[in-house]
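Peer 1: Given these sequences and hints, build the entire structure.
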Amino acid sequence: MMIDLGKYEYTVLISWGACLFLLLVLVAVTLWQGRRVKAALARQEARMHDIRRQNTPMQDSREESHNG
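Its first residue numbered 1, the sequence shown is counted upward by one per residue in the UniProt record's numbering.
Worth double-checking, as some hints may not be accurate.
Said to hold, decoys possible - Simulated restraints, written as ranges between beta carbons of each label pair: (1) 12 with 45: 41 to 51 Å; (2) 41 with 19: 29 to 39 Å; (3) 16 with 38: 31 to 41 Å; (4) 2 with 48: 51 to 61 Å.
To be clear, the hints were calculated from the coordinates, so they are not data collected in a lab. All values reported here derive from a predicted model rather than from experimental measurement. We put the beta carbon where it would ideally sit given N, CA and C, even for glycine.
Peer 2: This is how it looks when you write it as structure tokens:
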């Protein structure tokens, strides 16, 4: 099933192996960074949600004083 590469067989196989290894590393790093960014985004969204929730009563009381 293997093509006869002659004296270049070792070089070609090492090159293929290195390419596959680097591709797997690239995919793994991309997935790892994606998880990190997703977690950071979730933390930031939760922080912004908490800030908005804390500021809501003050805004309501200001609106009531202007309307009343």
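Peer 1: Now tell me if each hint is right for this structure.
Peer 2: Hints, verified against the model:
no. : hint                   : verdict
1   : 12 with 45: 41 to 51 Å : holds (49 Å)
2   : 41 with 19: 29 to 39 Å : holds (32 Å)
3   : 16 with 38: 31 to 41 Å : holds (33 Å)
4   : 2 with 48: 51 to 61 Å  : holds (57 Å)
Of the numbered hints listed earlier, not one is contradicted by the structure.
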